[in-house]
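J.: The residues making up each chain are set out below.
Protein chains: 8
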Amino acid sequence: MNLTVYLAGQIHDNWRSEVKEKAKNLPLHFVGPMENHDRSDNIGEEILGEQPNSIFKDDAASKINNLRTQVLMEKSDVVIALFGDKYKQWNSAADAASAVALNKPLIVVRPKELHHPLKELSEKAQVTVENIDQAIQALSYIFEE
Amino acid sequence: MNLTVYLAGQIHDNWRSEVKEKAKNLPLHFVGPMENHDRSDNIGEEILGEQPNSIFKDDAASKINNLRTQVLMEKSDVVIALFGDKYKQWNSAADAASAVALNKPLIVVRPKELHHPLKELSEKAQVTVENIDQAIQALSYIFEE
Amino acid sequence: MNLTVYLAGQIHDNWRSEVKEKAKNLPLHFVGPMENHDRSDNIGEEILGEQPNSIFKDDAASKINNLRTQVLMEKSDVVIALFGDKYKQWNSAADAASAVALNKPLIVVRPKELHHPLKELSEKAQVTVENIDQAIQALSYIFEE
Amino acid sequence: MNLTVYLAGQIHDNWRSEVKEKAKNLPLHFVGPMENHDRSDNIGEEILGEQPNSIFKDDAASKINNLRTQVLMEKSDVVIALFGDKYKQWNSAADAASAVALNKPLIVVRPKELHHPLKELSEKAQVTVENIDQAIQALSYIFEE
Amino acid sequence: MNLTVYLAGQIHDNWRSEVKEKAKNLPLHFVGPMENHDRSDNIGEEILGEQPNSIFKDDAASKINNLRTQVLMEKSDVVIALFGDKYKQWNSAADAASAVALNKPLIVVRPKELHHPLKELSEKAQVTVENIDQAIQALSYIFEE
Amino acid sequence: MNLTVYLAGQIHDNWRSEVKEKAKNLPLHFVGPMENHDRSDNIGEEILGEQPNSIFKDDAASKINNLRTQVLMEKSDVVIALFGDKYKQWNSAADAASAVALNKPLIVVRPKELHHPLKELSEKAQVTVENIDQAIQALSYIFEE
Amino acid sequence: MNLTVYLAGQIHDNWRSEVKEKAKNLPLHFVGPMENHDRSDNIGEEILGEQPNSIFKDDAASKINNLRTQVLMEKSDVVIALFGDKYKQWNSAADAASAVALNKPLIVVRPKELHHPLKELSEKAQVTVENIDQAIQALSYIFEE
Amino acid sequence: MNLTVYLAGQIHDNWRSEVKEKAKNLPLHFVGPMENHDRSDNIGEEILGEQPNSIFKDDAASKINNLRTQVLMEKSDVVIALFGDKYKQWNSAADAASAVALNKPLIVVRPKELHHPLKELSEKAQVTVENIDQAIQALSYIFEE
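Residue numbers (the numbering used here), protein chains in the order written: chain B, 5 to 149; chain H, 5 to 149; chain Z, 5 to 149; chain C, 5 to 149; chain S, 5 to 149; chain D, 5 to 149; chain L, 5 to 149; chain F, 5 to 149.
Source of the hints: derived by calculation from the structure; they are not laboratory data.
Among these hints, one or two may not hold up.
[What the hints assert, rightly or not] Here are the simulated lysine to aspartate or glutamate pairs, DMTMM-like style, with alpha carbons at most 20 angstroms apart:
1. D/Lys116 x C/Asp42
2. B/Lys61 x H/Glu117
3. B/Lys26 x C/Glu50
4. Z/Lys61 x C/Glu117
5. S/Lys26 x S/Asp137
6. H/Lys116 x Z/Glu49
7. C/Lys92 x Z/Glu49
8. F/Lys26 x F/Glu117
9. H/Lys92 x H/Glu50
10. Z/Lys92 x C/Glu149
11. H/Lys79 x Z/Glu78
12. F/Lys28 x F/Glu117
13. L/Lys79 x L/Glu49
14. L/Lys90 x L/Glu39
15. H/Lys61 x H/Asp42
16. S/Lys116 x L/Glu49
17. L/Lys116 x H/Glu25
18. F/Lys24 x F/Glu117
19. D/Lys116 x C/Glu50
20. S/Lys92 x D/Glu117
21. C/Lys26 x B/Asp63
22. S/Lys116 x L/Glu39
23. F/Lys61 x H/Glu39
24. F/Lys26 x D/Asp137
25. C/Lys24 x D/Glu50
26. H/Lys61 x H/Asp89
27. L/Lys79 x S/Glu148
28. B/Lys28 x B/Glu117
29. S/Lys28 x S/Glu117
30. H/Lys116 x B/Asp63
31. H/Lys92 x H/Glu117
[Stated by the list, open to error] Covered, in the sense of this in silico footprint (three residues per stretch, anywhere, with C-beta under 8 angstroms from a C-beta of chain Z), are these stretches of chain S:
32. 14-21
33. 120-134
We put the beta carbon where it would ideally sit given N, CA and C, even for glycine.
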């Protein structure tokens, strides 16, 4: 049995590579958003052409990014959402809540000090952990006999 | 025909009173989270007793807050989520995304300058506006003949 | 038992008034889109302000129109969609198909000569009739003992 | 990961071949309606025998065409609906709206000048583009790392 | 608390009157198909005009009858389906199975000697009884304190 | 693309073999109920032991038969239900209606003279045909280019 | 806004009366299983007649009890399940898990010392408390402004 | 056709090995909870670190156990739940009821003398048997021709 895992969350460092490396012995297939931040911001204009202003540029980009997210999250069995101390990350919170509403089990990864602002979302998650190792352990446990 | 509207978002100022006042001639019933911030933070310990530390205190509070949210959002026909420039508001983003996943039409209210970090969530919303007057206009339009 | 009926379709003549008048003795409540065509086209700019060009103006208007449709169709027990020989009426076709997908019984009203282009949609409808009197008869039959 | 894409829309030119050719390096499998227009119109009588008149002939054909559509759209991960300036294309609009209601992400392809009559349907789509190249770019983006 | 009960099954005798009379002290509202058999058979031609032959006449009638059934069953909390020893009653079996698939609790009423041909449907029902008094007792039990 | 087809209906002759033979060049996998009639009737007592009387024997058998049907119909993309002029076939009608309620496209096969008693079920089906060849043609059409 | 609360759990003492008394100032309507234990055990034979042995007697009773539970839980907005230290209470656990699967928020009430055997079910609940007062406080919080 | 079977129930003896051995000639893939009881109890602290007391330790463990259950039950076509005469087994009852609510056919295995406390759950199951051999026979019957 193979599982597909959607890696929601910020795209400002290479945490997804760390997840993939640490989980390389598990039968997992990882998907997620475009991690190239500039490309993610520009994809709307790249496809739809120049937009009237930065708000419309953002609208255009988010249409394409949400197309990707909707297709890939639908294919997933589990969602991991990682929160850090930088950026607003409302998109991550939205993806995490969508996962819960779609009955996809959600693992939230966040540093301890972010607990308070994440508390209602953590409570909706199946489990909240503080680092990637713990998330991998939880995924690994699904396969153990 | 009466509609029930869930007012998601921050509880740090009295924006909900403004909504209710401005919509007082529409057949709308408003519900939402506990707006007394201290009570919202303490409700877990108030009901479940003292918790081992602040993380467990938060867990306890969020269980009761999410009970309220789940019951009231289920009763709602439309969800308004207001974002401001203070606080992390991850809970607001999560409630907004839950509304979309539950097929509740979502109106996002946010100042223009917050467009970029909210862009994917705005794109999922039925409509994004910049102030409460616009949100009320949109609700009013549902009833106009 | 009262039923709510959504009247989808063109807004270029007063066919909805005819439906309401002819059904006035049945326990039906009718809802539907904004019938003032100019207002329907302008509602986006009215609420969201001037848009960069006519496509963005249309986008803005359709967000508000779809908010109204989503709320009111969700409240409905039956959907009537009327097609005429003018205009493209793609929006009517889309509303009609949405009704079917939401398990709302659909009554299509269309002149006989439009059968061919509507054939797949007619086949999805619960019943297709040629005039408003027939649609009212079908609704009336639900209540007869 | 392979995706299945349903190509809704008119069957009067060979736009589907263009899509397949341009996407040949992506892991996509394309499905769609019968593209032989005469066969699509006659399939009802071919299977069910001669019908009393052209309306019943159309009814019979649409039963078989809708069987095909229902089976293949259910198997699809994404739907592309292309609109042109000829024909009524109500069936295309209906298929597009069904896709949205089934939570299949929808890409609408239409020439710019058709924006107004398609505006509510475009707003329901995940993204609206003007040509096939843009639709392929959007699909390609789902797979990019 | 009031409950709505759909009375599926044959329309060849007045068993529904017996149900209503015997349940008159319970807070129940009963709905069901057209009980005037001729009208049920002719309703298609009455609304849609003369049809080419008896099969098309039946098709037309069943469209209107199924419109009624779909609307009223959707409004129901419980479904009672009564089977007798006359007629094929495939329509009753279909309505009963639809109720189960829609998560409406189903009470089957049938004489003991019909158990064998109804066995799989009885097994899907919440309860199978032999007469109307037993069905009323089961409904009454829902309200007892 | 392969499709799985559930063959509902009577188990008193070998019509399923005819379907399989005639469809042998299509990418179809067929499933269905136990076709050995005695075994189908006795499977309850075979597994659960002797039952108090024939009604309980039937109950026991139908539990096992419905287990099989539920598992296999869930795996199916299309359902064919064949009706003949013998036996009550209420189980077939129930399986056919379950398929419709589960959004599985339904093909009804029945001799012309059975149209009247099957009329509401036929109307719920995607298509109704008179013989197996026609059903195979309809399935074949799904794959044609 | 009124809420309906299903009171699942043992029927061996009068805890439901305590709930109703303590919540009498809240806009709540309470429903639940038959609390007369003998009647609950005998209702199958009362309606369906004498059964062959005690297992069939139990089967008959549980059909009627589950009819009641299914109807009333479907009408409920919140479910409270109370566990005590006597009896197996598997039925209570099943009702509680059904509530969660139906997206009804669940409040588990149990003495502290029962935490271990209830741990997975508690984790699925929205909140777990130790006594009725706490459950009422949680319900009250939904209505507080 | 292969089926995946979730083996819910107690983890205090090796009944799952018996199931797997006896079903080794059937095209079945078995999944289920962690069977190492100590590991199941300790997995929360193993991943999340030491907890304040035994209740929080249990909470932590059940989060991880429920993650596993949710992922694997979602992948399953059938659920077997085995009850014995030891332990409270509320978790087993909850898993069994979840399966029913998710439309997964449920086979309950229990010794005859446990019928009374399991009666409502047995009634929700597709079939209740007394031993593993019977459960395997029922599964085998799904594949027989």
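J.: The structure should be examined with respect to each hint, and the outcome stated for every one.
T.: Going down the list of hints, with the structure as the test:
| no. | hint | in the structure |
| --- | --- | --- |
| 1 | D/Lys116 x C/Asp42 | violated, 27 angstroms |
| 2 | B/Lys61 x H/Glu117 | holds, 14 angstroms |
| 3 | B/Lys26 x C/Glu50 | violated, 59 angstroms |
| 4 | Z/Lys61 x C/Glu117 | holds, 14 angstroms |
| 5 | S/Lys26 x S/Asp137 | holds, 8 angstroms |
| 6 | H/Lys116 x Z/Glu49 | holds, 16 angstroms |
| 7 | C/Lys92 x Z/Glu49 | violated, 29 angstroms |
| 8 | F/Lys26 x F/Glu117 | violated, 24 angstroms |
| 9 | H/Lys92 x H/Glu50 | violated, 25 angstroms |
| 10 | Z/Lys92 x C/Glu149 | violated, 41 angstroms |
| 11 | H/Lys79 x Z/Glu78 | holds, 13 angstroms |
| 12 | F/Lys28 x F/Glu117 | violated, 29 angstroms |
| 13 | L/Lys79 x L/Glu49 | violated, 27 angstroms |
| 14 | L/Lys90 x L/Glu39 | holds, 16 angstroms |
| 15 | H/Lys61 x H/Asp42 | holds, 13 angstroms |
| 16 | S/Lys116 x L/Glu49 | holds, 16 angstroms |
| 17 | L/Lys116 x H/Glu25 | violated, 46 angstroms |
| 18 | F/Lys24 x F/Glu117 | violated, 25 angstroms |
| 19 | D/Lys116 x C/Glu50 | holds, 17 angstroms |
| 20 | S/Lys92 x D/Glu117 | holds, 13 angstroms |
| 21 | C/Lys26 x B/Asp63 | violated, 26 angstroms |
| 22 | S/Lys116 x L/Glu39 | violated, 31 angstroms |
| 23 | F/Lys61 x H/Glu39 | violated, 32 angstroms |
| 24 | F/Lys26 x D/Asp137 | violated, 42 angstroms |
| 25 | C/Lys24 x D/Glu50 | violated, 55 angstroms |
| 26 | H/Lys61 x H/Asp89 | violated, 26 angstroms |
| 27 | L/Lys79 x S/Glu148 | holds, 16 angstroms |
| 28 | B/Lys28 x B/Glu117 | violated, 29 angstroms |
| 29 | S/Lys28 x S/Glu117 | violated, 29 angstroms |
| 30 | H/Lys116 x B/Asp63 | holds, 13 angstroms |
| 31 | H/Lys92 x H/Glu117 | holds, 15 angstroms |
| 32 | 14-21 | violated (count 0) |
| 33 | 120-134 | violated (count 0) |
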